[in-house]
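K.L.:
Since chain A is already given, all that's left is putting chain B on it; use the hints.
Which chain is which? The protein sequence lines are A and B, in order. Counting in my numbering, the final residue of the first sequence is number 711, and the numbers go up one at a time with none missing. Counting in my numbering, the final residue of the second sequence is number 711, and the numbers go up one at a time with none missing.
If you're looking for bench data, these hints aren't it; they were derived computationally from the structure. As the structure is a prediction and not an experimental result, all values here were calculated from the model. Heads up, a few of these hints could be off.
Put simply, identical chains are the same to the list, so a pair is met inside one copy or across any two.
[Stated by the list, open to error] Restricting the straight-line Cα-Cα distance to at most 25 Å, the calculated cross-link-like pairs of lysine-lysine (DSS-like) are:
id: 1; residue 1: K436; residue 2: K293
id: 2; residue 1: K448; residue 2: K625
id: 3; residue 1: K617; residue 2: K583
id: 4; residue 1: K663; residue 2: K400
id: 5; residue 1: K614; residue 2: K582
id: 6; residue 1: K342; residue 2: K448
Protein chains: 2
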Amino acid sequence: MPQYNPPIRDMQFLLYEMLDAVPTLRALPPHADVDADTLNAVLEEGGKFASQVAAPINLSGDAEGCTLDPVSHAVSTPKGFTQAYAQYVEGGWPSLSCDPACGGQGLPLVLNQCFYEMLNSANQAWTMYPGLSHAAYEALHAHGTPLQKATYLAKLTRGQWTGTMCLTEPQCGTDLGLLRSKAEPIVGGVLDGSYRISGEKIFISAGEHDLAENIVHLVLARLPDAPAGNKGISLFVVPKFLINPDGSLGERNGIYCGGLEHKMGIRASATCQMVLDGAVGTLVGAPHKGLAAMFVMMNAARLGVGNQSLGLTEVAYQNAVAYAKGRIQMRSLSGTKAPDQAADPIIVHPDVRKMLLTARAYAEGARAMLMFTTLQLDVLLSSDDDAEKREADDTVALLTPIIKAFITDNGWIATSSCMQVFGGHGYVHGSGMEQFVRDARINMIYEGTNTIQSLDLLGRKVLGDNGAKLKKFGKRIAAFVEEEGVSEAMQEFINPLADLGDKVTKLTTEIGMKAFGNADEVGAAAVDYLRVVGHLCFAYFWARMAKVALDKQNSGDPFYTAKLATARFYFAKLLPETAGLIRTARAGVAPLMEMDEALF
Amino acid sequence: MPQYNPPIRDMQFLLYEMLDAVPTLRALPPHADVDADTLNAVLEEGGKFASQVAAPINLSGDAEGCTLDPVSHAVSTPKGFTQAYAQYVEGGWPSLSCDPACGGQGLPLVLNQCFYEMLNSANQAWTMYPGLSHAAYEALHAHGTPLQKATYLAKLTRGQWTGTMCLTEPQCGTDLGLLRSKAEPIVGGVLDGSYRISGEKIFISAGEHDLAENIVHLVLARLPDAPAGNKGISLFVVPKFLINPDGSLGERNGIYCGGLEHKMGIRASATCQMVLDGAVGTLVGAPHKGLAAMFVMMNAARLGVGNQSLGLTEVAYQNAVAYAKGRIQMRSLSGTKAPDQAADPIIVHPDVRKMLLTARAYAEGARAMLMFTTLQLDVLLSSDDDAEKREADDTVALLTPIIKAFITDNGWIATSSCMQVFGGHGYVHGSGMEQFVRDARINMIYEGTNTIQSLDLLGRKVLGDNGAKLKKFGKRIAAFVEEEGVSEAMQEFINPLADLGDKVTKLTTEIGMKAFGNADEVGAAAVDYLRVVGHLCFAYFWARMAKVALDKQNSGDPFYTAKLATARFYFAKLLPETAGLIRTARAGVAPLMEMDEALF
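Bound conformation, chain A alone:
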């Protein structure tokens, strides 16, 4: 069974050494009292929950999956899942970064992000249940009426109830404009002002389960007078059990699970077909403005998906390292390394190291980028300085699609590499390695496919504002290059970073010009473009990490030696992928559209 050791040292390195997060956080009114001791204590305890409670039920949960009782529509989660959830609630974990006004602990998002990374390493499927709840909490917190907030937020904060996002329907996933679910106003009676909602939703994570007494569904549907397309979609809150005026649970609502999907991975996460048959709900936010309200959740969720792949990359790496040190097979080509054994441990082989270091560099790069971005999110949510907020908003907007797509693509590459280290043993369920790969695969699809992320980045975030957000982030990189460019020791990192920055600028201009002539040029270049910009971000964060490590390399702490070696690996063996990607991005749309549809 796979093992998991929370990477707390690396999180602390990023928090205190690279990001210098404590002063940043203390400058924000809600976090004025935060200190390293608090953060460290949460990381330690969170790591224990992840490694000791969530991790041990990951492999068994995958083998067992969820089951649906077709008569009662009840869904049972795998053995141990309800107990783990009860411990999670008991430990107060759901409330970590929730609003103190709703009973939350009000701790920074960057800390919650670290906690979720550990949960995702331990058990991505289990983590879907609390993760979706948190998204529902955020949507109601931002858009709910006072009554809705009073009804739901404390229960969600405590974890007593969980939440869902009900968007997708059989005929629409990416294109929510095609949505058909209907909401009819109820006039008169005790439910006056509510709506009866009918329709069919699919791919609803945590849509039904046995972890909590009630489930708070956030449902997209159309009002009777709704305009067609995206502009006629409203958001409703639809509880599994109606709530009595005293807050107690009332009647079972007309929303139930009609089927479970049998999936490639995250098999212990209940992916439900949900049937709404006149389910009673109330409107969240303004009529026809549901998509905008939902997008608040979706942006947070996209960062969360990147974090899922970070978690999987980390845990896959740890287990592959342990295997590579223990498995003996063949001799090193450069001479025997373990003469007392019948063969050398496979970690002596350069390509085994390459597979391991690929995962390591992708995990540590992703962690740096995610923690940086989540700290910006803390600034955005809690700063009282409008200019600082706008700056943070632009940064988060730009980096969100990159985090979602680049980190999940890397997670697929890295978990697969780590599985490869195990040879045939990695293909077998008991190793846990193939599960990491299967679980990682969904992250490239849900919350907007990675193609959609690339269009969001290139079309909306970059070309859509004439490159302003990208230029802002580029200035940040340029300032770092300027400052560190004087250091001899930093040249090996600064030069390729600066070079790639120049190339991104040229590439952006070139695609932007071509897009004037043909909008499909955006779609043709977007995926390659996102990957190039992803590497630019990683190069920036790796250079920043290298800078700290260089400063401390004589401290005697081997952590910095390893960090520097991993940085060098990243620049030598991963970043050069951009040479090919820039070429294919520049190759444009013609080679894609030349063939008539009928000839495919």
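P.N.:
Below, chain B without anything else, positioned relative to chain A:
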């Protein structure tokens, strides 16, 4: 459920238009009478068997898997597998390319290759059973004693019995020198001259099943006087049921299935832990020379594994195309394409086309390379001209590791892309798409991991003979470049091909020089190197296909239009990956070995 339509037109294009295979085959004594009608008839009938018999039980076989009765040690294959196998035997398919002296039809290997591609598209897991049999047939045909041949070959040729390769043990996979199974000579009695073999084997495909009345295991084990390591391994044939002198089945032999692996994919293929408890076997080939005899099988098997990924790539492509034409979602960025529908079919989006064309270009490139190579194998096996045989031998030796690793890596990329076209629907079992991805993953591992293939290519096949085999193949490319370089229309294909050829020459020399100083430089560069050379091969075959298509583009047959468009896509969007790979190959060993093992 996925559909499959055998790509017979493309196979015919390669056989008759690109390879001009009929004259080549007819020059070989055993194939002097072969003609296109025969080949076409086999392709048609083989395609029917694949699409109508093997394909319909692929998805259900994956869901059901195999089961082991722990008392009787019997393994049951999924529903429909035995019936399909019976039809396969009845149709005479096992004998297609077997020696007429053993009851075979003696048809060319290149035809068998096409048939197996179709079987692999239809059902890779089912195809493992006959596939392994054929490998056992080949080993006994090449190395068996007259008595062994008389005992086994006709039964294997008919498919009445199946075969296995029993190599791997828990402590050794790649490094067979660590093998522990023992063979003790039996002296006296009716079994005089036989051996009693004991040990534990793992990952034995088709090690036990209910398709055939007997199973012929080829087992590696050590004789009592065996030297340590690779040079002390002998090959034995160990039947599940001993064979009486009259050829009838005798006593149950002491080899049985102790467990089945639960795997990521090919779940309907029985992957058995085999226990040998004094099982009776006879020696195949010379004592201590078992590995050499087994490598004959392994080389053929490596081509077969490439063919498995070709099959999966093709079928994944076909199903993704059908989905992309039928699924409507969003409008084209360059303007509405299907005004009568609520949205456009997703095939209008450039990145969807990129995912589809990636699979198409990798499938058609792989088919060209595999059919070219298998035709060379026909020459090697059947020519009466020694120079021609040597030439073919060198070509096959060079291309085998590339086919195994490059095509299976591409298969992983391509099946994953095709799954991505389906969005969330591809992650669900019923689509069949995620199964293609899971099945494709094993091909990068078994029959020598892709890292091992890369070391075989760079270390043994290229540097090991001072580049002679590579130069020979390079001459073939240079001749084509020379000949077609005069054509204006061919410039777009010839120039990048010639350019990449030059770069490979330089890269090879550079790595070779560095390897003098440090043998680990080979291991550090090998995987990137193989992928670069793989693209050189694909560029060559795509240029050859483009040449035929250009010559016939005015024929009115849209097949050639599509071939040309796919060739252009390959050169514009896939081949440029080499720019990054050459950089990482050149980055050498230092970034991999800098970090101390303890710091991982």
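K.L.:
Next step is simple, just say for each hint if it's right about the structure.
P.N.:
For each hint, the structure was consulted:
In this assembly of identical chains, the alpha carbons of K436 and K293 never lie at most 25 Å apart, being 58 Å within a copy and 28 Å across copies at closest. In this homomeric assembly, K448 and K625 come within 25 Å of each other (Cα to Cα) only across copies, at 21 Å, whereas the closest approach inside a single copy is 55 Å. Taking the closest pair of Cα atoms, K617 and K583 come within 25 Å of each other only inside a single copy of the chain (16 Å); across copies the shortest separation is 41 Å, beyond that limit. For the homomeric pair K663 and K400, neither the shortest alpha-carbon distance inside one copy (52 Å) nor that between copies (56 Å) is at most 25 Å.
Taking identical chains as interchangeable, the C-alpha atoms of K614 and K582 lie at most 25 Å apart only when both belong to the same chain, with a minimum of 13 Å there against 36 Å between chains. Only between protomers do K342 and K448 lie at most 25 Å apart by alpha-carbon distance; the minimum there is 22 Å, versus 66 Å within a single protomer.
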